[in-house]
Amino acid sequence: MNGCTERVYNGLIKENPTFVLMLGMCPTLAVTTSAVNGVGMGLSTTVVLVLSNMLISMLRKIIPDSVRMPAFIVVVASFVTIVQFLLEGFVPSLYDALGLYIPLIVVNCIILGRAESYASKNPVVLSIFDGIGMGLGFTVGLTAIGLVRELIGSGKIFGYQLLPLADTATGQAGYVPVTIFILAPGAFLVLAGLTALQNKVKLRAARKGKKVTEASGCGEGCASCGGCNGKVFPTGNEKE
Amino acid sequence: MKELLIIAIGSAIVNNVVLSQFLGICPFLGVSKKVETASGMGGAVIFVITIASFITSLIYKFILVPLHISYLQTIVFILVIAALVQFVEMFLKKSMPSLYNALGVYLPLITTNCAVLGVALTNVQKDYGILTGVVNGIGTSVGFAIAIVIMAGIREKIEYNDISESFQGTPIVLVTAALMSIAFFGFSGLI
Chain A
156 MNGCTERVYN GLIKENPTFV LMLGMCPTLA VTTSAVNGVG MGLSTTVVLV LSNMLISMLR
216 KIIPDSVRMP AFIVVVASFV TIVQFLLEGF VPSLYDALGL YIPLIVVNCI ILGRAESYAS
276 KNPVVLSIFD GIGMGLGFTV GLTAIGLVRE LIGSGKIFGY QLLPLADTAT GQAGYVPVTI
336 FILAPGAFLV LAGLTALQNK VKLRAARKGK KVTEASGCGE GCASCGGCNG KVFPTGNEKE
Chain B
7 MKELLIIAIG SAIVNNVVLS QFLGICPFLG VSKKVETASG MGGAVIFVIT IASFITSLIY
67 KFILVPLHIS YLQTIVFILV IAALVQFVEM FLKKSMPSLY NALGVYLPLI TTNCAVLGVA
127 LTNVQKDYGI LTGVVNGIGT SVGFAIAIVI MAGIREKIEY NDISESFQGT PIVLVTAALM
187 SIAFFGFSGL I
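Residue numbers (this note's numbering), protein chains in the order written: chain A, 156 to 395; chain B, 7 to 197.
Worth flagging that the hints you see were computed from the coordinates, not collected in a lab.
Incorrect hints may appear among the rest.
Stated by the list, open to error - Pairs of lysine to aspartate or glutamate, DMTMM-like flavour, derived with a Cα cap of 25 Å:
no., chain 1, residue 1, chain 2, residue 2
1, B, Lys132, A, Asp251
2, B, Lys132, A, Glu243
3, A, Lys169, B, Glu171
4, A, Lys355, B, Glu171
All chains, full assembly: derive it from the sequences and hints.
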């Protein structure tokens, strides 16, 4: 397997940001009320991730080490602003559905984390493919959660009514949607189920003696991702 | 006055920042193991969001709007917040060591807490003025503190419970969050 496909495989499966690393939980929970929103958010994040990885990798020898975090943030925030305007102009319905969470892509741990841990150390082409892999992994994660929530919460898949709804007025039998799944608590419940499943897989793998990538995100206090663990601007007294 | 009260209660309890808007999930799950640390984090968040919402409203109103560059809001806000958090940390270390000892370790974690940027952007989106913006900031951050302290209290009790193997750790915390979120729905008739 050559380097580029390896990066995509790594992002999609081995270090899937949603299911394995547990990064970027805010958008994961907030926008997955339907599969379409999940795809939209995932692809917007992918675009930002690929572009920022590319630019940061190009600039990796120019940006001084001491100001790298502010520089990364400016790069990411610029691309997020561009994506925001493109969505507002061309896909206004998605723009309305995602709302506040589009500008909040800036503080998504995945993007700064990849910039810090991969793009700032590796050549351009590999960084682009790393962005594609991670972004697609995130998209798959969001879409999967969105599908589950949409199917249980409204009986639809991608807006198509898969399960015919019950009609109490005419007494017609059918599916009674569990509305709570498209409301806030449903997001927590679905994610709880998914992480429990992930734990189970991990425990089984551990018993067989295999190594599994550890979650690096929220469960561990966010300390391991690049942008979260401290000072963005250099204070002049970082000696270590 | 009445409007301000409605905004404050609305952002603190009815539209709780963690449980219904999903902002700041990372610290909510990560720093809620003990009530003591959770209240420290809550205090630090109240402190930072209040200052940040004031400063960002000022910048938006007196710099971005007059210069017609309000489209740069995301970039400007995130940089201002990052710089502000670090400035607050240095200031506290120098002049209020006791407060710094209580909140210091949590301050750096706040930069990427999306609730801070979220409040700044909500203030702009909803066209809040400076005073209403600050009130919204205080309300939101108090809501965060309430949620994280309650969660920490429940988690301290969960320690002693017999939970099935695969639900230990994050999953049971998420189930707890779901139940809390359902409970907070009860407030939705308040306003």
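Outcome of the hint check:
1. Lys132(B) to Asp251(A): holds (14 Å)
2. Lys132(B) to Glu243(A): holds (17 Å)
3. Lys169(A) to Glu171(B): Holds - the C-alpha atoms of Glu171(B) and Lys169(A) are around 23 Å apart, at most 25 Å.
4. Lys355(A) to Glu171(B): Satisfied, since the Cα-Cα distance of roughly 8 Å is no more than 25 Å.
When the structure is compared with the earlier hints, no violation turns up for any of them.
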